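Peer 1: First residue of the sequence shown? That's 1 in UniProt numbering, and the numbers climb one at a time after it.
By construction, these hints were calculated from the structure, which means they are not laboratory data.
Owing to the predicted nature of the structure, the values given are computational and were not obtained by experimental measurement.
Glycine included, each C-beta is placed from N, C-alpha and C at the ideal position.
Be a bit skeptical, because a hint or two may be false.
With a cut-off of at most 20 Å between alpha-carbon atoms, the simulated PhoX-like pairs for lysine-lysine come out as follows [what the hints assert, rightly or not]: (1) K158 - K104; (2) K292 - K307; (3) K450 - K522; (4) K97 - K158.
Estimated spans, in silico, between C-beta atoms of each pair [as the list claims (entries may be wrong)]: (5) G35 - D492: 38 to 46 Å; (6) D550 - S115: 28 to 36 Å; (7) P339 - N167: 40 to 48 Å; (8) N315 - N149: 44 to 52 Å.
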Amino acid sequence: MLYSQGHICHFLSRLLQCRRDCLVTISGGRRRTGGEFVDGVLSLACGLLESGLLKRGEVVAIAGFNSDWYLEWMLAVTYVGGIIAPLNYRWSLEEAKSALEVVKPVILVVDENCSSWALQLTNISDVQSLRLHALIGCITPSSLSMSANFLAMDSIRKASHGTQFINPVCATGGIALICFTSGSTGQPKGVAIRHEALVIQSLAKITIVGYGEDDVYLHSCPMCHIGAISSCIAMLMVGACHVFIPKFDAKLVSSAVEQNHVTSLITVPAMMADLISFSRQSHKWNGGETVKKILNGAGSLSTKLVKGAIDMFPNAKIISAYGMTEACSSLTFMPVYDPMSQKPRKSLSSYDKLNTDALQLHGRVCVGKPAPHIELKISCDPTSSGSPLIGSILTRGSHVMVGYWDQSAKTCNSGNSSWLDTGDKGWLDSHGNLWLVGRTKDLIKSGGEKIYPEEVEAVLCQLMGVAGAVVFGIPDIRLTEKVVACVSMEEDWIWVDEKTRNSLGTNQLSSEIMKNFCRQKKLTRFKIPKVFMPWRKPFPLTASGKLRRDDVKKEVMSYMRIPNSSL
1 MLYSQGHICH
11 FLSRLLQCRR
21 DCLVTISGGR
31 RRTGGEFVDG
41 VLSLACGLLE
51 SGLLKRGEVV
61 AIAGFNSDWY
71 LEWMLAVTYV
81 GGIIAPLNYR
91 WSLEEAKSAL
101 EVVKPVILVV
111 DENCSSWALQ
121 LTNISDVQSL
131 RLHALIGCIT
141 PSSLSMSANF
151 LAMDSIRKAS
161 HGTQFINPVC
171 ATGGIALICF
181 TSGSTGQPKG
191 VAIRHEALVI
201 QSLAKITIVG
211 YGEDDVYLHS
221 CPMCHIGAIS
231 SCIAMLMVGA
241 CHVFIPKFDA
251 KLVSSAVEQN
261 HVTSLITVPA
271 MMADLISFSR
281 QSHKWNGGET
291 VKKILNGAGS
301 LSTKLVKGAI
311 DMFPNAKIIS
321 AYGMTEACSS
331 LTFMPVYDPM
341 SQKPRKSLSS
351 YDKLNTDALQ
361 LHGRVCVGKP
371 APHIELKISC
381 DPTSSGSPLI
391 GSILTRGSHV
401 MVGYWDQSAK
411 TCNSGNSSWL
421 DTGDKGWLDS
431 HGNLWLVGRT
441 KDLIKSGGEK
451 IYPEEVEAVL
461 CQLMGVAGAV
471 VFGIPDIRLT
481 EKVVACVSME
491 EDWIWVDEKT
501 RNSLGTNQLS
511 SEIMKNFCRQ
521 KKLTRFKIPK
531 VFMPWRKPFP
541 LTASGKLRRD
551 DVKKEVMSYM
561 RIPNSSL
């Protein structure tokens, strides 16, 4: 095997050369230099190899909270040619067991936070591939109950003899990672991703976001998600300092930012909303001035959230990314706000204008330009007409997954000339910006017309008192599908019917108010929901912050006693 093949651990030698005595990880009470961190990775890799615990191409599953030890495991496994498969620590026993049956790991590595199902998995004969259970860190009082079944990390380590250790090895096909999708519909799928894809994605983020060795990067998102993994590798490549918090919590993030002078972090809209809410409640907090770079994923930031983010992090450049696990994270990047520009407020005004244009285009969202290594194509139906031509968003290149982890993924050719269908609809404008219309699978077919729910939701959310909306189609004998909207209200707003309207104060919403607003906004008649329903709890989200539209639909259909349909 040629050493020149891309590998995510190639940065380790540079880290030794350039950051040997510099602080590179802060996790709990541990503070380690580049030399100490590299030694930790290599000693674990050496132990896995020399003990015969892991062979090239075998899979190691890992589940736990963020930590430097978690990162060590990821790197050590891939260093010796293994494949790492991060599991979501939030999963139930059944979900974890299902994932293990898919990836067939030889080692399961967990921390005490997964003990509720990890101990049960040691007695399940169905996962016959497992040869070893190990702990992410060392034995602690909280993990003592697991010590009889799980091998401590330090008991696996062996001296790596410094820089004389073997060169990094790739698994067959160059696969480094099996990353599970967030599962917005159905069961999460295991996506096989190459070293090359991770390296190229990381280089794109270094270039576009501007990551550098002076950065102090906060691991604010779970390290089982592709966005967190790719940003982590990018920061490792440049030699930045990594600050780990176990999991996202607005208070934890704010404290970590203030104590460690964090300069960079990643978010999703729900996280940003929580951070803004916390900062407004905590009047004494003023640690946001050190943050220079924020990369947002899993959905565009509303103008309201952007303004809140600027108040909290006044010196931060904010960039929003659009992507997917199957494409190794980000496909396009959208500059949202840059305080270093000559006219910083102008960049926000430009974003405002894009949002306004999007609303005039009924919910179509601009997600920016493709990264330098990304090839995009819009595949339109030959019978399509109108301007712009909307079609399926396709991408191809070395960033695309090998496949979903099954027999086809294991044997897939390392080259990839095929186009990957993202499952989204959109178009490219004359400046090369990608505009999203909606998910192909969410398309509503009503009375022979096609309706994208995102378009309707964008209109509904402009109405005062509406905190959020979810639109979908339910079976209808005459129309095939009928448009339904579930509406979440702002605090102190109430839902009324026409009999009680105007008798219960001014902050009211109703079906008729919603319909009239849609007409005022010139929403086409057949797109106006036939049914409006108040939603009095948070909308269900995936672990990465994406809407579980099907869950809302199923609950409404159950409430309305409508049988499941294949529509």
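Peer 1: Now look at each hint and say whether the structure bears it out.
Peer 2: Checked hints:
Straight-line distance between C-alpha atoms of K158 and K104 comes to about 26 Å, which puts the hinted pair past the 20 Å bound. Between K292 and K307 the CA atoms are separated by roughly 16 Å; this keeps the pair inside 20 Å, and the hint holds. A distance of roughly 17 Å separates the Cα atoms of K450 and K522; the hinted pair therefore holds under the 20 Å criterion. A distance of roughly 31 Å separates the Cα atoms of K97 and K158; the hinted pair therefore is violated under the 20 Å criterion.
The hinted range of 38 to 46 Å is not satisfied by G35 and D492, whose Cβ atoms lie roughly 57 Å apart. Between D550 and S115 the CB atoms are about 31 Å apart, so this pair conforms to the stated range of 28 to 36 Å. Evaluation of the 40 to 48 Å hint for P339 and N167 yields a pass: the beta carbon distance comes to about 43 Å. The given range of 44 to 52 Å is respected by N315 and N149, whose C-beta atoms sit roughly 48 Å from each other.
In the structure shown, a violation is registered for the earlier hints numbered 1, 4, 5, in ascending order.
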